[in-house]
Amino acid sequence: MEHSKHVARMALLVVFVLVVFHIVRTLFTPPSFGKYGHYRADNVTEQMSKQVIHGGSISCEPCHGEKQKDWAAQAHKSVQCEVCHGPIAWHISDGTKVADMPRSRSAAFCLRCHERLDGRPVGFPQIIPDEHLRKVGGEMGPEVCLSCHDPHAPALGG
Amino acid sequence: MESEVTRRWFLKAFGGVALMLGVPAWGRPQGNGGEKSYNWEDFSYVYLIDVGRCIGCGMCVQACKRENMVPDGFFRTWIERYRIGEGGRVEVDSPNGGLNGFSSTIVDFKVTKAFFVPKMCNHCKNTPCTQVCPVGASYTTRDGVVLVDQKHCIGCGYCVQACPYGSRYLHPVTHVADKCTWCYHRITKGLKPACVAACPVKARELGNMKNEQDPVRKAIATEPVLVLRPELLTRPNCYYRGLDKEVR
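Here the protein sequences line up with chains A and B, keeping their order. First residue of the first sequence? That's 1 in the working numbering, and the numbers climb one at a time after it. First residue of the second sequence? That's 1 in the working numbering, and the numbers climb one at a time after it.
In isolation and in its complexed conformation, chain B is listed as follows (with noise of 0.2 Å):
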């Protein structure tokens, strides 16, 4: 028998040769991350806005503004203000995000309900932000924060488009996209994020799912509440106490 190069031989042969280089790249370490104080695994992140509290005063805008640096114009938290009149006419309006507040403007049909809405990024459990990302920069945490690695990203803005919610935007200053991040540099060292503590009516609220005590937990579990354009199936984990149909 001759000892050729056979086409078998050839391919188990480089086949070896590939397996082994690309071996060290699928054997990833895995660990849990985080700080020595504080393990991600205990916590999954949940937050529930109660429309019927909020007053619009917007000193939520402007605490996250302040501990984010989020710059003029753009906003990593807002608030809007439905004024719904008979016959289904609708007024929106979010002046400045609702960061110095609102005022009474005045609309050219009888309002019946009126309400207002804070709005920010729902960090989704099944968002397609992170999923667009060419590059890896989008990511959502172990404890379910969507966040963006700002020295990875390219700034091409395609998580920007791909959000349903509008909760990105690309920052003028870095030109790298730029949103809410649960406060997570508070949130990992046990405070509240800026607007849930800036909130005089307690209107916001953080809670973790993985806490069987949790009052968010709770009152998910025993109220009714809604998330934000749930025909999407993003899975947001925002959740929304006395929603109406008219917000988007």
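So that you can see chain A by itself, here it is in the shape it has in the complex (with noise of 0.2 Å):
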């Protein structure tokens, strides 16, 4: 039993480091980490649980119903409202309107789309402005294309 005071020690010290061990990584894990793998298992929730900004055409319905009419029957119904007025949750919070929406109408808007580019597919409706606006007699203006056309029913004698 001679050494039996150090392997004491040794146990002692062992006990103390586990102890201190476990402490710290209790101090350091934030709760649920772990619960479903290597990371927090709140962060899911919390991803989960932000604010949605964009509601989507259906959002738009309750107000602008007889609008929306228009606008699915026509060549632009796969444009979504709020590609051109921006999403709902600048215009409504908790059920009453906070903010104009925008209107996007300007020349340079609709060219983003229309303007005949190297890339874009054939099918897609593309101008080359200068040409365009040759053919039909206008000038470019901020707004010109809207002299002609309607955004929610492009489609002219249609």
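No lab work stands behind these hints: they were computed from the structure. These figures come from a predicted structure and were not determined experimentally. Even glycine gets a Cβ: it sits at the ideal position worked out from N, Cα and C. Wrong hints could be hidden among the right ones.
30 Å max Cα-Cα, derived DSS-like pairs, lysine-lysine [said to hold, decoys possible]:
| no. | chain 1 | residue 1 | chain 2 | residue 2 |
| --- | --- | --- | --- | --- |
| 1 | B | 192 | A | 97 |
| 2 | B | 202 | B | 218 |
| 3 | A | 69 | B | 189 |
| 4 | B | 192 | A | 50 |
| 5 | A | 67 | B | 202 |
| 6 | A | 50 | A | 97 |
| 7 | A | 50 | B | 113 |
Calculated from the model, a selection of chain B residues having no Cβ within reach of chain A, i.e. all distances over 12 Å [what the hints assert, rightly or not]:
| no. | residue |
| --- | --- |
| 8 | 87 |
| 9 | 88 |
| 10 | 161 |
| 11 | 208 |
Simulated DEER-style distance windows between Cβ atoms [to be verified]:
| no. | chain 1 | residue 1 | chain 2 | residue 2 | range |
| --- | --- | --- | --- | --- | --- |
| 12 | A | 29 | B | 108 | 56 to 64 Å |
| 13 | A | 11 | B | 174 | 40 to 48 Å |
| 14 | B | 107 | A | 139 | 48 to 56 Å |
Reassemble the complex: the two chains are provided individually, in unrelated frames, and hints are given to aid placement.
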């Protein structure tokens, strides 16, 4: 038994180190860490509960249903309201209107889709602005497209 | 026989103590996660981009910015324009990530083919970005979405370097890693990601591999599709229809 004192000291030290390790580990490991894997499980619900900004065209229907009927029957029906008007969260908060929606009316905005560019699928309706304006007899202006085309029903005579 | 403290006794005794202290860490509870109405075990998300349909309008980039408050000059999704000419000439541009669309700039060669390629996080099945995270702030959910826990992230930027697709950035205000979440807050409520909803030509689609009727699952199973940089073995969950060899 001449070494038992040493062993006891070593044992105490080991226990001490283990206890300190576990205290530190508990302090630095956030709650819910490791529940599903090597991450904080609560973050999954945090990610899920972020605010939805775009509601989709369906969220415009309660107030603007009439306007939507025109739009939904026309060539721009694949363009959601919020693409040109901005997300609904800018407009409605807790069921009340907080701001006017932006209206993208500029020719520059129209041309984002409809200017003829290399890489744009051939079947997609697109124009070379100068050529188009020469043909129809117009002059380039900030909102020139809207003088002939209604964005909700863009096809002429249709 | 003396009751001597032998080496064997010592190892047994303290091995046992260590094991007891360690057990709570191993015996972690299992659950199916998420909110009551959403069960992530029913989903395995996959994304399909149709290069032939994309018109490069940048509405997806705009919607992503607005939906996720992406800071100026940083992108969770962006569009690249490839213009390829004879003799292997290639011109790639992405003015402000395609946020304001593209314009007809001149290249000094005859363009023989051109296309727009939307890019974003590939949500790889074997992703390098979560592997390098030293604190467990980057992870893959059970429904296959790679997310960043921004409260836990220390902003070291290893994951930003590790991503071979350039899909991550350090947020200039919060100074932690940020990336595409496939709009996890939307898809778990049954909505489409903001980019998919905004696309006027259906060039972007999100699907669920666990739904046998899913059109994206069907397209991936029956049509020729590619992933970006398959040689890296990251196994992306983002598939491309009509991808050219020049696209990296």
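Quick rundown of the hints versus the structure:
no.	hint	in the structure
1	B:192 x A:97	24 Å, holds
2	B:202 x B:218	16 Å, holds
3	A:69 x B:189	26 Å, holds
4	B:192 x A:50	15 Å, holds
5	A:67 x B:202	23 Å, holds
6	A:50 x A:97	21 Å, holds
7	A:50 x B:113	41 Å, violated
8	87	17 Å, holds
9	88	17 Å, holds
10	161	20 Å, holds
11	208	16 Å, holds
12	A:29 x B:108: 56 to 64 Å	58 Å, holds
13	A:11 x B:174: 40 to 48 Å	47 Å, holds
14	B:107 x A:139: 48 to 56 Å	29 Å, violated
The structure fails hints 7 and 14 (numbered hints given earlier, in ascending order).
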